[in-house]
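Sequence lines, in order, name chains C and X.
Numbering follows my numbering, with no gaps: position 287 of the first sequence is 287.
Numbering follows my numbering, with no gaps: position 10 of the second sequence is 10.
No lab work stands behind these hints: they were computed from the structure.
None of these values were measured; they are calculated from a predicted model.
Hints may contain errors.
Claimed, not checked - Straight-line alpha carbon distances no greater than 30 Å define the calculated DSS-like cross-link-like pairs of lysine-lysine that follow: (1) X:K141 x C:K37; (2) X:K76 x C:K160; (3) X:K76 x C:K11; (4) C:K201 x C:K224; (5) X:K76 x C:K161.
As the list claims (entries may be wrong) - Only part of the chain X face toward chain C is listed, based on derived beta-carbon distances under 7 Å: (6) F61; (7) Y66; (8) G70; (9) L71; (10) V75; (11) R77; (12) D111.
Claimed, not checked - If we take Cβ atoms under 7 Å as the criterion, some of the chain C residues that face chain X in the derived model are: (13) T35; (14) F47; (15) L49; (16) I311.
Ideal placement from N, C-alpha and C gives every residue a C-beta, glycine not left out.
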Amino acid sequence: MWLTANPQLDKKGQLHHLLTLEGLPAEILWQILDTAKSFVGTRVKKFPLLRGKSVFNVFFEPSTRTRTTFEIAAKRLSADVINLNISASSQSKGESLLDTVDNLSAMHADMFVVRHGESGAPHFIARHVAPDIHVINAGDGRHSHPTQGLLDMYTIRHYKKDFSNLRVAIVGDVLHSRVARSQIHALTTLGCPEIRVIGPKTLLPANVEQLGVHVYHDMRLGLKDVDVVTMLRLQNERMQGALLPSAQEFYKFYGLTGDKLAAAKPDAIVLHPGPMNRGVEIDSSVADGKQSVILPQVTFGIAIRMAVMSIMAGNK
Amino acid sequence: MPGNPLPDAEQLLTALIEQMRPAIGPETGLVGIHTGGVWVAERLHQALNLQTPLATLDVSFYRDDYQARGLHRDVKRSEIPFEVEGRDLVLVDDVLYTGRTIRAALNEIFDYGRPTAVRLATLVDRDGRQLPIAAQFVGAKLALKPGHSIGLRRDARGRLELELREAKS
Numbered sequence: 001m002w003l004t005a006n007p008q009l010d011k012k013g014q015l016h017h018l019l020t021l022e023g024l025p026a027e028i029l030w031q032i033l034d035t036a037k038s039f040v041g042t043r044v045k046k047f048p049l050l051r052g053k054s055v056f057n058v059f060f061e062p063s064t065r066t067r068t069t070f071e072i073a074a075k076r077l078s079a080d081v082i083n084l085n086i087s088a089s090s091q092s093k094g095e096s097l098l099d100t101v102d103n104l105s106a107m108h109a110d111m112f113v114v115r116h117g118e119s120g121a122p123h124f125i126a127r128h129v130a131p132d133i134h135v136i137n138a139g140d141g142r143h144s145h146p147t148q149g150l151l152d153m154y155t156i157r158h159y160k161k162d163f164s165n166l167r168v169a170i171v172g173d174v175l176h177s178r179v180a181r182s183q184i185h186a187l188t189t190l191g192c193p194e195i196r197v198i199g200p201k202t203l204l205p206a207n208v209e210q211l212g213v214h215v216y217h218d219m220r221l222g223l224k225d226v227d228v229v230t231m232l233r234l235q236n237e238r239m240q241g242a243l244l245p246s247a248q249e250f251y252k253f254y255g256l257t258g259d260k261l262a263a264a265k266p267d268a269i270v271l272h273p274g275p276m277n278r279g280v281e282i283d284s285s286v287a288d289g290k291q292s293v294i295l296p297q298v299t300f301g302i303a304i305r306m307a308v309m310s311i312m313a314g315n316k
Numbered sequence: 001m002p003g004n005p006l007p008d009a010e011q012l013l014t015a016l017i018e019q020m021r022p023a024i025g026p027e028t029g030l031v032g033i034h035t036g037g038v039w040v041a042e043r044l045h046q047a048l049n050l051q052t053p054l055a056t057l058d059v060s061f062y063r064d065d066y067q068a069r070g071l072h073r074d075v076k077r078s079e080i081p082f083e084v085e086g087r088d089l090v091l092v093d094d095v096l097y098t099g100r101t102i103r104a105a106l107n108e109i110f111d112y113g114r115p116t117a118v119r120l121a122t123l124v125d126r127d128g129r130q131l132p133i134a135a136q137f138v139g140a141k142l143a144l145k146p147g148h149s150i151g152l153r154r155d156a157r158g159r160l161e162l163e164l165r166e167a168k169s
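Turn these sequences into a full structure, and let the hints steer you where they fit.
Quick look at the structure:
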């Protein structure tokens with residue numbers, strides 16, 4: 001039974017680590033989304049749930065926004081937060097990942113929030129920490145970014161109420177995007193009937209259709225009558241070799257302009273995980289336009305991370 | 001319901017309304033605790049003609065059994081649609097038992113502001129208090145056998161009814 005062997009769940013089937021949205025039961029996704037809702041718009045500045053707990057933000061790869069929102073979320077739950085930028089210290093001195101984790105465990109952490117450039121690193125850490133420590137994947141390589149996927153689901157649900165009639169398009173550099181993978185898995189689990197990926201062949205993973213998505217190479221065809229558009233960042237730092245002629249040419253064919261967005265439904269919403277490359281994958285007029293929900297995404301992201309932490313920390 | 005050994009919830013509600021009427025003003029804020037307390041508070045709010053909108057509280061994020069039991073599955077958002085600072089408040093719950101829910105509710109309320117006074121109204125005040133907490137407005141006082149608990153039900157027409165439950169743990 002692969003489900004009982006799911007390394008994210010404890011013996012009771014409750015969330016113990018959050019590593020990927022792939023294979024996570026719908027019930028747990030809904031629980032996280034519902035719990036997050038009770039954190040959105042509250043006037044309470046600090047909840048006492050994680051008082052006395054230590055949350056370690058362990059970032060092997062730089063990130064400002066994700067680390068900051070995890071830090072805010074943990075602090076709003078009254079946890080103590082320790083930020084560790086490993087890429088700048090131990091690893092450059094040659095310490096192994098396992099030694100780093102053992103050292104951090106010895107500092108009595110209750111929860112690790114891990115970002116790593118290598119796919120699977122948070123799984124590896126989750127397997128090796130003591131059984132009472134929780135691990136949250138804050139993005140690993142090209143693999144997964146579950147809290148981003150969850151906040152995208154929260155945002156879509158907030159504006160569209162229901163997933164069962166939605167057409168969602170994910171546009172751009174799907175190949176390098178852990179956000180795209182997380183979204184596809186979550187949308188599928190939550191019952192979204194039509195997911196499209198749009199991009200040049202060089203930026204779509206081989207056999208991406210096997211995930212149950214429809215593939216488009218033409219932006220206007222792909223955006224036709226969609227309810228939700230997710231723009232992905234063009235990840236220059238992950239590009240090896242010449243996958244694209246130039247950023248300008250990418251913008252011409254796949255940059256989201258008002259003109260291309262007009263193919264979608266008039267009330268379609270535009271998401272972007274950030275940071276944005278204005279004038280590369282998205283035009284400023286769209287990024288700042290009335291269909292854009294990019295800033296609400298950031299706010300919802302804090303509530304989602306609070307929900308994940310408070311559900312996990314309560315599961316023994 | 002014939003054979004129900006418990007008092008009639010609707011009668012207790014009427015008693016509660018009569019106790020509260022002379023003791024509260026138009027500025028008094030009513031705060032119902034999810035879920036049964038909100039049902040009672042909705043009825044009180046209507047009967048007492050209060051101008052201040054009704055507040056609802058879900059104390060899941062403040063419970064002291066979080067470490068042992070985890071987070072409640074179905075947390076509702078607390079809604080306090082008025083300024084707590086300087087207000088006269090009445091907390092409303094269906095059953096007052098250990099007092100721990102009220103402790104959690106007080107902590108949550110004080111995260112919104114400092115009320116002038118907080119009083120407590122409960123449909124049923126049963127034995128078994130574990131904290132120095134008392135209700136000012138009480139529908140009925142009951143003593144129960146160990147292992148039993150009382151819950152509140154609301155039928156489709158909005159009628160409230162008490163029911164005896166065998167405690168699970």
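Here is what the structure says about each hint:
1. X:K141 x C:K37: Violated - the C-alpha atoms of K37 of chain C and K141 of chain X are around 37 Å apart, more than 30 Å.
2. X:K76 x C:K160: holds, 20 Å
3. X:K76 x C:K11: holds, 27 Å
4. C:K201 x C:K224: Given pair K201 of chain C, K224 of chain C holds - Cα atoms ~19 Å apart, limit 30 Å.
5. X:K76 x C:K161: Cα-Cα ~17 Å, so holds.
6. F61: Cβ of F61 of chain X sits 4 Å from chain C, so the hint holds.
7. Y66: Cβ of Y66 of chain X sits 6 Å from chain C, so the hint holds.
8. G70: holds, 3 Å
9. L71: holds, 4 Å
10. V75: holds, 5 Å
11. R77: Holds. Min distance 4 Å.
12. D111: It holds, given that the least Cβ distance between D111 of chain X and chain C is near 5 Å, below 7 Å.
13. T35: Constraint on T35 of chain C satisfied, holds at 5 Å.
14. F47: It holds, given that the least Cβ distance between F47 of chain C and chain X is near 4 Å, below 7 Å.
15. L49: Since the shortest Cβ distance to chain X is 6 Å, the answer is holds.
16. I311: The hint holds - I311 of chain C has a Cβ within 7 Å of chain X, the shortest such distance being about 5 Å.
Consistency note: the structure conflicts with earlier hint 1 alone.
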